[in-house]
Each structure stands twice: as structure tokens, then as C-alpha cells.
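Listed in order, the protein sequences are those of chains A and B.
Just so you know, we're using the working numbering here: the first sequence kicks off at 1 and counts up by one.
Just so you know, we're using the working numbering here: the second sequence kicks off at 788 and counts up by one.
It is possible that some hints are incorrect.
[What the hints assert, rightly or not] Derived CB-CB ranges, DEER-like:
#: 1; chain 1: A; residue 1: 484; chain 2: B; residue 2: 832; range: 49 to 57 Å
#: 2; chain 1: B; residue 1: 1001; chain 2: A; residue 2: 416; range: 50 to 58 Å
#: 3; chain 1: B; residue 1: 899; chain 2: A; residue 2: 478; range: 54 to 62 Å
#: 4; chain 1: B; residue 1: 919; chain 2: A; residue 2: 381; range: 27 to 35 Å
#: 5; chain 1: A; residue 1: 518; chain 2: B; residue 2: 874; range: 50 to 58 Å
#: 6; chain 1: A; residue 1: 378; chain 2: B; residue 2: 930; range: 49 to 57 Å
#: 7; chain 1: B; residue 1: 1043; chain 2: A; residue 2: 435; range: 34 to 42 Å
#: 8; chain 1: B; residue 1: 831; chain 2: A; residue 2: 387; range: 53 to 61 Å
#: 9; chain 1: B; residue 1: 1027; chain 2: A; residue 2: 387; range: 52 to 60 Å
#: 10; chain 1: A; residue 1: 603; chain 2: B; residue 2: 882; range: 33 to 41 Å
[To be verified] A partial selection of chain B residues facing chain A, derived with a Cβ cut-off under 8 Å:
#: 11; residue: 812
#: 12; residue: 823
#: 13; residue: 825
#: 14; residue: 831
#: 15; residue: 835
#: 16; residue: 841
#: 17; residue: 844
#: 18; residue: 997
#: 19; residue: 1001
#: 20; residue: 1038
#: 21; residue: 1043
#: 22; residue: 1053
#: 23; residue: 1057
[As the list claims (entries may be wrong)] Anything over 12 Å on all C-beta distances counts as not near chain A; from chain B, calculated:
#: 24; residue: 819
#: 25; residue: 839
#: 26; residue: 885
#: 27; residue: 888
#: 28; residue: 889
#: 29; residue: 907
#: 30; residue: 934
#: 31; residue: 990
#: 32; residue: 996
#: 33; residue: 999
#: 34; residue: 1036
#: 35; residue: 1041
If you're looking for bench data, these hints aren't it; they were derived computationally from the structure.
Quick reminder that beta carbons are idealized off the backbone N, C-alpha and C, glycines included.
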Amino acid sequence: MKFSKIIIPLLLLLFTLTLRAQNIIISGYISDSLSREKLIGAHIWNEKSKIGTSSNAFGYFNLSLNKQSGISSVVKISYIGYATKTIKITGDTLLDIVLNKGKTLSEVNVTAQILNIEKRNEISTLSISSKDLEILPAIGGERDIFKAYQFMPGVQSGSEGNSSLYVRGGSPDQNLVLLDDVPLYNITHLGGFVGIFNSDAIKSSKLIKGGFPAQYGNRLSSVVDIRMKDGNNQKRESAFTIGLISTKLLLQGPLKKGKSSYMFSVRRFMYDLLLKPVSFLSSGQMFGYTFYDLNLKINHEINQKNHLFFSTYTGDDVFSSYINDKDTETKSKFKNRWGNSLMAIRWNHLYNTNVFSNTTLAYSRYRFGTNMIGESTSSQNDYRMEYNQHSSIQDFTLKQDLEYNIADFYNIKFGLTGIWHINRPAEFETYQESANQILADTSFINQQIGSAETAVYLENHFRFKNGLSGNLGFRFSDYFVSNTNFYSPEPRILLHYLIAGKYKLSSSFTIMKQYLHLLSGTSNGMKVAFWLPATLNVPPSQSYQYTFGFATTLHKQFELSIEGFYKEMTDLINIKEGIPFNSINTDWENKVETQGLGTVYGTEFLLQKRIGKHTGWLAYTWSKNMRQFHSINLGRAYPYRYDRRHDISIVYNLKINKKIDFSVTWVYGTGEAMTFPNAKFDAPFMSLDQINFASDHRSIYQSSGKNSVRGKAYHRLDIGMNFRKQKKKGIRTWNVSIFNVYNHANPYYYTSGTATSITNGNIKTNVRISGKSVFPIMPSVSYSYKF
Amino acid sequence: MVKNLSKGFLPLLLIINLSCDKDIRLDLPPTDIRPVVFGMAQTDKPVDLIVYKSYPLLEYTDTLDQNIVTDISLFVNGNFQEILTYRNKHYYSSYLPKTQDNLKISFNWQSIEISAESIIPNKIKIDSILFVKRTFDNQRVFNVYFADDIRFKNYYAITADYNYIEYTENKNAYLTTTSSSPLVGNEEDMSNYYDYQSLLFSDALFNGLSLNLNINIYAPYLNEDEAFVGVKLYLSNITEDYYNYVKTFLKNQRAQTPSFFFGDLEYINVHSNIKNGYGLFKTFSLDSVDISQPLRNK
């Protein structure tokens, strides 16, 4: 009943609008002229009516122009790095537009018109193209999309070298990382140092940190939308790269020219191939670490109205050791493996020139597992022990998204999503046997939890001639777990007002809900984390975010944006004080602190130059990031571990000529917040009727408060150069990069210890905190060949 | 190409390995020296305090040598009562507090006022204790009945002690509770730890109701014949400050033990109701029942 009350008036409104509008409808796909790779975010603009749109994630666009106003329907299609195309339209048309890359630098400068920041219907949205990524310093030969975003305002790294993203004070689990529409749970290899994607396989990416469109949900702080290349459907292309960290290969080409194509990429960390045999031959012990990832994408254009995509990704990190100690007659094996796998089938369908549909069926899995076996080979001391630890999360997703262009000033997006989550929180098994007798055979298992998440959404995009534009959206989600429903209405309001055609004022308010938690250890040592589902006892988290922004273009080349934000997060979780992190293998719900409150606010400044010989940006963020839990820090609010008051990034790229480009980046961030004691006293034994110091007492260490000590500020300079040369069969590129040019010792983690000194014959012992730096100056070189 | 790469890689790897794992010295803020006050007050007994200074982190000092000798004032319900008497490193009152007395102690140290304030909770009487069963030679199970006072948010501590002829003083017994537990969250962990061999809990689960608490009393190190001589069970109505102190004290102690796989736990501050100082001024009221007789023959 309630449903019909809402839906019927809505349909009537849409119908009325459709009848009223007398429009020419231009729609179609925009692609690269050589590879026919669809271009995401290309702009289609009618200058007279000041109406335009952008191509969507599949390169499709749809633009209505009002016929009655007598406006000549000439549209310009532009995309950064490509020559702008002008097309005259006489009636409803379905187009297949190809854009040519600018052949020379000057041509690109002249022709690469981009939609100015003040005209884009978005706020708090960052994008880094594969081209931007190519010219940034490549540390160890690895270009990383996540590290590139860490140079942007409002996006911070965690510890040194880590690719995890902390967006507007949120934790890494609060980022919805989508690879071709499928969520990923782990985004790093090599302890966070390397991102999980082969950057060569990425077509485009954007990061949204506020003013979230209603199509996105289930994360509090950001959306990172990454699209892989579809594959060149005109000719076969290959590229391989050898770097200090990994070796990678990319293959792409047509399966049926102009109709279907494939893209395949593989990357592997190679050192273990050398390290394992060498360590085994020299000591009888074998240690190895490797990571790999593999992407495959196949797409087929059935006809102009139907397009099928199949994509899959799998990637793992594996650490293993084998020790055969002949002296003690013991053997031990250890293996630790973690990573993501995903698979997706998507179907694009055009119902008519007005309605674009995308249907997605997907599977995604993240797992973390440890296996340890120890045994004695001695006949006198026969024993065997085994230890297993496992944690995983699996998602089965069915999603339907529709875009409907109703009028020249108004279009909608709507859809629904269903996700079935299967979560196995941390499990632990141990087995011990000696002299054929079982000493221990125990499992500490948190029950597998299944949960269903469904959501419907509607986005209303509008742009009025008086300068007011925006996106009024609404998402309604339901999460069902253990016979309990959590309903969540999530309004998404985004408004822009253009003053004098030059200055854009923006404001947004969004509510986001998150039905998953990532529980991290709180110590100052190593960082370990487990994914946990929301349950009745550990309810879902929610965020409320307000943003206010100003944006303009200066001298036609510089984009300036200043944004302020205030974000409040409720129902956050944290491990209870005094509970060891490894104890969450059982009864985890009783070991986490719930109802946590997070408050983050700040200001972000971005000055960016995206076209020309000199490009780059200057980003500065000031923010304050606090957390408060009833039973942590005596209930008082405390700074979040990665509360970073000041965060500065400078990125500068110079295209010296067609063959050489140079880039330099510098970052600075306030040190991380930590807890260390700074006082000590003895607490006496207090029986019922007396205070007795003589009987017993215990030392109490007291800090000034949780996270009240600041680590050293972080700063680092990187430089990189690419040298390209046309060879007989292709283009070879040498990349030379230097990470941490002035060798600043940035702390990776902190430990506490004591230091003894002798002054005037008196021995004095002091507590000392040492930060350990593990990333010094690191020159690197990589070689790649594209043919 | 391979030759070129190996020429380049080897020196680079050497540089990396040589410069890895650097120590970065980070100095802590100066040690915070403050007065430490531990005090207790219950009905019809003198207020008892000890006052000393905290000390630098790694200095091994006899705490009692750090005693602060000063004039400590006692206020009762907002009115000055007396200056406490200093005797054997303790401060005592001559005033004997009553339930619902608002007690405040106050003194000046380096021109800073150090103070603490606490109300003596109402006495909650044990309605009855019933023997349930004998589990082992030195363990017995009882049901304890008492009624919570709905007017207040109450916190309780149940303790038992026993005596044996060879001991000069009473020994604490270990207590655990079973199915009818009113303990919530990690209150279970607070029991039987260090000197708090007691069950601590709030009335969160039985506010204003009668509680039937199933308690296992364990008198360690005594055999059947020796155990359960002079056993007494105490029910203390304690303050929220005292409850929070014990809760955080236990976490603080645990955080000093390193965790093997995942690094140390973070240091956790101990709750204090001493303004501008550390420690605890605890107030409570006590009811006790001698349960030696029912035990002796069971």
C-alpha cells in the first residue's frame, strides 16, 4: 500500500515530464578511434543552450536538447588528450562517435577542452586517469592508483608506504572499492606497499569522498570506482614490464574485429623464485613471499543495443616457510595466504535512445588463512602439531541500474541491488599428537553468518538555466541478519549554484550506512585486521556528511576548489580495551566495543592544472578526526590514530618532449597519534577494611590519554623520469624513479624500550620510543615494451 | 638487457639493504609527577588515606618514601569537619561516616588543590544465604539473596574470606558465579583477579529487583578438614568510581603483558576520582554474614 502511494505519483510525474518535453535526443557511445576502447567521462556540450552531459562508465551518453527553443543542435564532444569533435544534429540520433588522440603536444594543448570544474555536476569527486598515472614516479617500477589518490586532498595514507586509503577521517574498510562494479575487500599486496591492480589494465578511476550519488551504498566514507580496459577490438597489443618489485604482462586484442575483444593481464612478485632455492640449498630452510594478480576481461557487442562483458580478477599474497632442523630432528611448515577473487557478467541494453540499462551478476571473495605444521622426526620424541586460522567473506550480487533521460534539464538514474554475504569471522583450529596419542584437537570457531542486503535507489539529475543544478537522490536499504531487519533510508542531496557562469557554490548532505566492520588491532606494532558482519549485537554503522564547496577555473587552465566538510559516524566498533587481538577467534561479538562515535571535520584545498606541458597539483588538507567510545579512554573523546591535522601534497609533471617526461612529488603529514605512558605510580592492596601497602602493590602506568602522543611528522620527496623510444616493433620505456630522495627516516611502526645513560657516575634509565623506518632512499628502474 | 639490469640492480639492492631499519628517536612528554591518593571510607569507621607522589617511569622507588605530609581537610556534606590525623604514614579521621554522607577530602600541593569527593552508598542487606551443594572438598555452592534499591544505580562487590587456625589473618576465598549471573560484558573477567577476589557487578540487569545469586566459594590450599572455618560473606554496595577503577585497573595490568602475535596492547589509563591527582577515594557500605556453621557439616 505504502509502496503504491509513492511509486504511482512518481510514474505520473515522469510521464507528464516526458509528454511536455519536445526534445531532440542524441545518444550513443564515445570511443577511442584506434582501439575502440570506450571513453568514460567524455563531455558532450551544446554551447548555446549551456546543456551538456558526460559519457557513463560504459562510454554511453544521452542528451536531450529542446527543439522548441530553436537552438541549433550543434554539440561538441571532448575528452582530455583527444581532439574535440563537433557534430550537427537534426533529429533523434544514436551515434557511435570516435575521438582521435592529439598527435602532438601542441595539438593536445589546443584541442583538449575539458568541461570546467564549475560546470561538472559533482562535488568531492577526484579522478586520476591512466595517463596521469603513467607519469607519476613509479616506485620499484610499480604505479599504484591508490598511492596516486593519496596525493589528493582529503585522502591520506596510513602508515609509511601503505596503499590503504583514509578518506576524510574514515578507516580503510569504509571505502567502497569497485572493480568493474564489484566490491573488493583487500586492495594491497606486499604488506600494503603495492596496490592490487596492474595499473596497465586500468582504464579509468574516480574517487568520491562526499555528496555520494544514491547508486552507491554500504560504505561510510568513500567510493573508488575503477574500470578495467575492455581490450582493443581493432588490433592485438602486448606490453610487458620488468621492475624491481614485479614482472607484468598485458595482452589485448580483438576476438572478432570491431565486435568483441579481450584484455588479459598478469603480474607476479619474482624474488621468491630465487630466494626459496638459495635459502634451501644453503641452510635446509626455505622462506618465500610472493604475490600475483590476474585480470581477464572479455566483451562482446551483440548489436548496437546489447553489449556483454565478462570480467574476472584473482590475486593473492603468499608467505611460506619450510624448516628442516637436522640437529633437533624437527620439521616445520608455515603458510599464510590472503587475497581477493571476483567474477562478473554485465549486460548493457538500450531499451530506446532514452533508456540505458546495465545488469550485473557478480561474485566476490576475500580470504585470509594461516596453516602451521610442526613435527618431530625423532623416533624417541614423536609428536605432531597443526594450527589453522581462517577468515573469509563472500558476496553474491545481482544488480540492475537504469538511466532515463526525461528532459533537456532532467534525467534520472534508478535501480536495485541484492547482495548475499557469507561471512566466516576468524576461526582457529589446533591439533597436537604425541606417541600416537591426541593431546589436543580443538576448534574455536565463530559461527558462519549469512546476511542479505537489498537496496533501491533513485537519482534525480537536473540543471536549470538560472545556474541551479544538482542531484536529489534517495536510497533505501535493508540488511537482514539472524532474523532481524535493519532498514535504512539514506537521502543524498547535492546542489550547485553557478554565479556569473564562473563560480560554483556547492553543498551536499548524505547519509550512508555500512553493514560490515573491519576490526583492527590497536597496538602500536603490526597491523592485522578481520572483516566482521553487522549483527544484532554489533549493529551497522552510519555516517552523516555535510560538505560546502567553491570551485572555479583560473586563466582557463587552473582548477581551484575549496571544500569544507563535517562528518559524523555512529555505531563504530573497536576491540575492547585490554582484549588481545588474537582472542577474537571466538565469541567476537563480546570482545568489541560498539556504539562508537566518530567526528571529523576539515577543509580541503586543491589547485590543479590538467592540460599543457606543465601539469600537476597542490593539495592541502586541514582536518580533525576524533573517536569516542563509552568504555575506551574512560569515555573521553580521543584523536583517531591517523588524525592528521596537516596534509600537503605537491605533484608536478613536465613533458620535456615526446620522448621524455619528468615528475616530482612531495608529501607532508602530521605524525600519527599513539598511546604511551608518561607517569607511573604504585597502587596498594585495598582489603575491605584497610589500605595495606606492605602486603602487596602493583605498578600502574598512566598515559596522558589514548593517542595523546604524536609521532614524527611524515615527509618525502619522490622523482621519476620516463624515457620512451620508438623501436621497430613497438615502444620501449625506461622508467627511473627515486623514492624518498633526501632519505628522510619516516616511521613505519613504533616500539618502546629503555635507554641507560651514565651522568656523573649515576646510572639513569629512561623510557625511549623508537620509530622504525624501513623505507629509505630507494632508486628503482623498470623496463617496459609495448607492441 | 639482462646485463644492464643486473649492473643497475645490484648496487641499488645494496643501498636499500644498508639503509633499512633506521631508529627514530621520539621523546615522550616529561614525566607527569602528581600526588597519588588512595583512601577509603565506610559507615562507622574512620576515613583512612595514604598520600604519596607518582614517580618517573623507570625509577624504582619505595613509594612510601615519597609520602606527602600535609594538612588534609575533611568536609562532610559541604561543611568542614576536621584536619585528618597523620599516623604511621596514614591519615585518619575521628569522624565516623554515615550512609549518604557526601565526603570530600582536600589539600594543597605545589599550589594546586588536590581533592576527591564521594558519597557513602546505602547499606544493602543480605536477605538470606542458602547452601546448595558441595562440589569439591574445598568448594561449596550457595545461593545469596538480596534486594536492589531502585532509587539508585548501584554497584556491588561480593567477597568471602575464611580463617584457619594457623593463619593470623583472614584469607580471601575465590568466588565464581554460575547461570543466574547478573554480570554483563567483561565483568566476569574482573572477578578473582589479583587482590579483587570478589564478584563485581552493576545492577544493570536487575535494577530494583531481588537477586538470587548462585556463588561457588573456593578456599584454596586447604583440605577437607581444614577448609571453611570462620567463613564470612560480604556484600559491599560500592560507588561507580570504585567499579570503574577496578575495571580499568585490570585492563591496565593486562596491557603490560605483551601479546605474542600482534604486538603489545595499548596502555590503558586507570580511572581516578582524584582531581589533579591519581588514585581512588573509595566509599562503600558493607553487610556480612557468617556462613561457617552451615558449611562445617556439609
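Here is how each hint holds up against the structure:
1. 484/A to 832/B: 49 to 57 Å: Because 51 Å falls inside the window, the suggested range holds.
2. 1001/B to 416/A: 50 to 58 Å: Cβ of residue 1001/B to Cβ of residue 416/A: about 52 Å, so the range 50 to 58 Å holds.
3. 899/B to 478/A: 54 to 62 Å: For residue 899/B and residue 478/A the Cβ distance comes to about 56 Å; the hint holds.
4. 919/B to 381/A: 27 to 35 Å: violated (47 Å)
5. 518/A to 874/B: 50 to 58 Å: holds (57 Å)
6. 378/A to 930/B: 49 to 57 Å: Once the Cβ atoms are compared, 55 Å apart, the range 49 to 57 Å for residue 930/B and residue 378/A holds.
7. 1043/B to 435/A: 34 to 42 Å: About 38 Å separates the Cβ atoms of residue 1043/B and residue 435/A, which means 34 to 42 Å holds.
8. 831/B to 387/A: 53 to 61 Å: holds (57 Å)
9. 1027/B to 387/A: 52 to 60 Å: violated (42 Å)
10. 603/A to 882/B: 33 to 41 Å: Cβ of residue 603/A to Cβ of residue 882/B: about 57 Å, so the range 33 to 41 Å is violated.
11. 812: holds (7 Å)
12. 823: holds (4 Å)
13. 825: Holds, because the Cβ-Cβ distance from residue 825/B to chain A comes to roughly 5 Å (cut-off 8 Å).
14. 831: violated (11 Å)
15. 835: Where the cut-off is 8 Å and the nearest Cβ of chain A is about 6 Å from residue 835/B, the hint holds.
16. 841: OK, holds: residue 841/B within 8 Å of chain A, min 4 Å.
17. 844: At 5 Å from the nearest chain A Cβ, residue 844/B passes the 8 Å test, so the hint holds.
18. 997: violated (24 Å)
19. 1001: Interface hint status for residue 1001/B: violated (21 Å vs cutoff 8 Å).
20. 1038: Check passed: Cβ of residue 1038/B comes within 3 Å of chain A, closer than 8 Å.
21. 1043: Constraint on residue 1043/B satisfied, holds at 7 Å.
22. 1053: holds (5 Å)
23. 1057: holds (5 Å)
24. 819: Non-interface label fails for residue 819/B: nearest chain A Cβ at 4 Å, not farther than 12 Å.
25. 839: violated (8 Å)
26. 885: holds (17 Å)
27. 888: Per Cβ check, residue 888/B is outside 12 Å of chain A; nearest 18 Å; holds.
28. 889: Check passes; 21 Å lies beyond 12 Å.
29. 907: holds (14 Å)
30. 934: holds (22 Å)
31. 990: For residue 990/B, whose nearest Cβ neighbour in chain A is about 17 Å away, the distance exceeds 12 Å, so it holds.
32. 996: Per Cβ check, residue 996/B is outside 12 Å of chain A; nearest 24 Å; holds.
33. 999: holds (24 Å)
34. 1036: Since the minimum Cβ distance to chain A is about 7 Å, residue 1036/B lies within 12 Å and the statement is violated.
35. 1041: Given that some Cβ of chain A is not farther than 12 Å from that of residue 1041/B, nearest at about 5 Å, it is violated.
This entry does not satisfy hints 4, 9, 10, 14, 18, 19, 24, 25, 34, 35, going by the numbered hints stated previously.
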